[in-house]
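Q: With the hints as constraints, model all of the structure from the sequences given.
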Amino acid sequence: MLQYTIRRLLGMIPMLLLISFVVFTLAKMMPGDPFGGEIDPTRTDPKYIEEMREKLGYNDPIYVQYWRWITKFLQGDFGISTTHKMPASEIIMERIPNTLLLAVTSLVITYVFAFFMGMYAGRKPYTISDHVIAGYNYIALAVPSFVAAIVAIYFFSFKLNLFPYSGSVAIGLQPGTWEYYVSRLHHVALPALVLGLMSTASYTQFLRNDIIENSRKDYVRTARAKGVKESKIYNKHILRNSMIPLVTFLGFDLVTLVSGAVITETIFTYPGLGQLFLQSVATRDYAVVMSITMLLSIFTLLGNLIADLLYGIVDPRIRLE
Amino acid sequence: MKKRWFPLVSFVMILSLFLAACSGNKQQTSTPKNDSNGEATSEPKAGGVVTYAVDQAPEGFFDPAFSGSFIDSEVQKFMTEDIYKVDDNLKYVPNLATWEISEDKKTYTFKLKQGVKWHNGEELTVEDWKYALEVLAHPDYDGPRFNYVENIVGAKEMKEGKADHISGIEVIDPYTMKITFNEVRINNLENLWPTPMPRKHYEGIAVKDLSKSDQVRKNPVGLGPFKVKSMKPGEYIEFERFDDYWQGKPLLDGVVVKVIDPSVAAGALEKGEIDLLAIRPADLEQVSKIPHVRVEEANGVSYSYVGLRFGHRDQKAMKSVADFEKFKDQNLRHALLYAINRDALVNAYMAGKAKVTNTVIPSTFWVAADPKELNDYKYDPEKAKKLLKEAGYVDKDGDGFVEDPSGKKFTISFGHYAGPATFEGRAQAIIQSWRDIGIDAKLATGSLIEFNLYNEMKDNDDPSLEAFFGSWYVGADPDPTGLWGSHAEWNYGRYVDEEGDALIKETSSEKAFDDAYRKEAFVKWQKHFNEKLWALPLWEVIDLYAVNNRLQGVHINALTSLNDVHKWYVAE
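Just so you know, the protein sequences line up as chains D and E, in that order.
One point on numbering: in the working numbering, the residue at position 127 of the first sequence is 134, and numbering is uninterrupted.
One point on numbering: in the working numbering, the residue at position 156 of the second sequence is 1370, and numbering is uninterrupted.
Read the hints as simulated data drawn from the structure, not as lab findings.
Treat the hints with care, as some may be off.
What the hints assert, rightly or not - In silico lysine-lysine, DSSO-like type, Cα no more than 27 angstroms apart, as pairs:
{"id": "1", "chain 1": "E", "residue 1": "K1426", "chain 2": "D", "residue 2": "K35"}
{"id": "2", "chain 1": "E", "residue 1": "K1719", "chain 2": "D", "residue 2": "K54"}
{"id": "3", "chain 1": "E", "residue 1": "K1422", "chain 2": "D", "residue 2": "K62"}
Quantities reported herein were computed from a predicted structural model and do not represent experimental measurements.
A: Written out as structure tokens, the structure reads:
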């Protein structure tokens, strides 16, 4: 297993290089650059724009730019954001706690709801409740997240006054105080609910199908024949086996933790990585765009690796050599 | 049997969602309609905190010398103050200092007010301003504002590293400073950096590190009526009253600048969480239904036009080369404008909140020509057809579209950038106007073009943009050289008009120091442009602001809603 892990980790290096090259080229091929967006003639001077392009090397051939970027990147220099004039790594680190909080909360919500819905639907397939659960899940999957976010804000923030509609914390609270943390949770609740409740579909339906499939297997029949209690069969024997395929999702969830929810974060003005990524693409802030992309690529690859390793642990039929 | 329930259940669920959405709408429409009756005059009183909303996150600089975005400059208005300010007629008037101009019009002597305090308690002296000017001219300075000092004698030398100070600045005493410019220009003052920097506060920081320093980004010091209390980047900035403000203690206890998503603006206004925000014409209907919110408008300083291509830009020589003949005929250009029903477009796509214009100097400027002096190109498709015919553009092959005088097919490829939903309709309407008079016009590339790509295409003189939609926000200086001079970078039509250039030059000549002469010169150029029609002026944008009735004392002008914020007060 150790050997397998090392082999996989080594295999990631050329993959990441390839990804970095493709993403860098694509980013640079986007029309415009940080100085080409909205021109405000009262504030911008054509000479300054030209000077900055030259200074930042935007006029060099793309392979020269790539080489310059990748050598610095490997030495841990992620570049300076052109928009914020701060190191990209600092800007990203500023956002990560927010994104993690939102992601963890929404994942917990997804897990809890999906677990109970899936268990119930799997145990009583083809009943009305099963269909209601399926109906809910597919509607949630189909409704675009911005619609869900706006509807949620309208009802829960503006009509019922239950949750704040923007930001990550109430204005003027000092970090470290009790009120500060309560306010953080209060602010994260609504976006997390929107995110969490809208993405239960895949978990629920996978769990349901596995439970149905497992309940027809021989070991279940044996257990029933032995007279094991029905609830014990489902909650112990079947559930344990049905969890295995869900491990695949864990790998992806690792990426969700850092990728942030681009649209939901934007509508809730929740300053996480997703919102930052969107803004950086719009302003062609190459250093930030590239750093976030590379961060996400690394997490995706790691996530896959962890999922594969977990398979080996939870399912004795799979051996990793 | 059981399976039948499934579609029924989902149907009921979907239906209930729709019903929920509908009932939500109904609730909104049933709120009583209300016109701006909020200008109730109550006595100004102290106290209270108001929230000013912006729909984009500021980049986080609290010194104008380093920021480039419009949002940042709005936020800075609460806490910075300038040597001069711009009044409602967009004239530059004294603020922190008064000035006298020398005989030869090259040297300005500034006299600073005494006793003006920085937020950290230091007193403002001309050294602070000199320091700011020298930061801008420093070779390591990484902001975009060098053009605000380059006209001072010796600034270029400092930028190139040949000098360690600007030789054209002479400090006489702590409140008096002389600045000498390298040339006589009417707008030397307008192009002079007006914001002093807190020299003591920035002490010990190298110029190249200033823009990332905490002194600029986290605990800034300014001269304005409010000082920064706390902030969360990308979310909010909390300002508190600065008691020693030089124009007297501000009435409000504080101001919160909050970043919100435009989609929730109307809801937040209704709930009273926002007191002031700039809105788009599309939001007008919804916002004007909120009883405790008034909508205030002001003629802004931006306008839209249709650019026409006359050539390309020789990037090396920095010159426009007129080598594209399509729009050479003046009658054709006139016909193109007569064909467009601009009033109808404004009503259909901008909720009526724009003013049709025939010049490229917004009417708020004191130098703008009286509309009566200009040809108003009122919508007249018959006249447009007649003009086309006179110019030799007639339909020879009977396909319903005109051919050019040499008999070749005549087409126009018109480009427009992507954005809110109304852009598509507006672009199609302009194209249809031209098709109606028999010109085969098409949308360039077949769809609206992503904004960054569109700008790049304009920069590179992309051949598919034969005609293109454009807008300019011109700020407080009306000088048209940078936008409409023949060889200006942003003359995207690339026309070459020496007569026009001479007229533009006259507006900033030595004689133009006399206001009457300057206005006359501006009118002459506008008449010339109005006749030549190098670009088709469409309309001036009217700026709209939603204001909660509890907030009083707001004075809106063409540039901003944040004038004299120390006079704002809350009426309950």
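Q: All hints are to be evaluated individually against the structure, with a verdict given for each.
A: Here is how each hint holds up against the structure:
1. E:K1426 - D:K35: Holds, at roughly 25 angstroms.
2. E:K1719 - D:K54: holds (21 angstroms)
3. E:K1422 - D:K62: holds (14 angstroms)
Consistency with the previously given hints is maintained throughout, with no hint failing.
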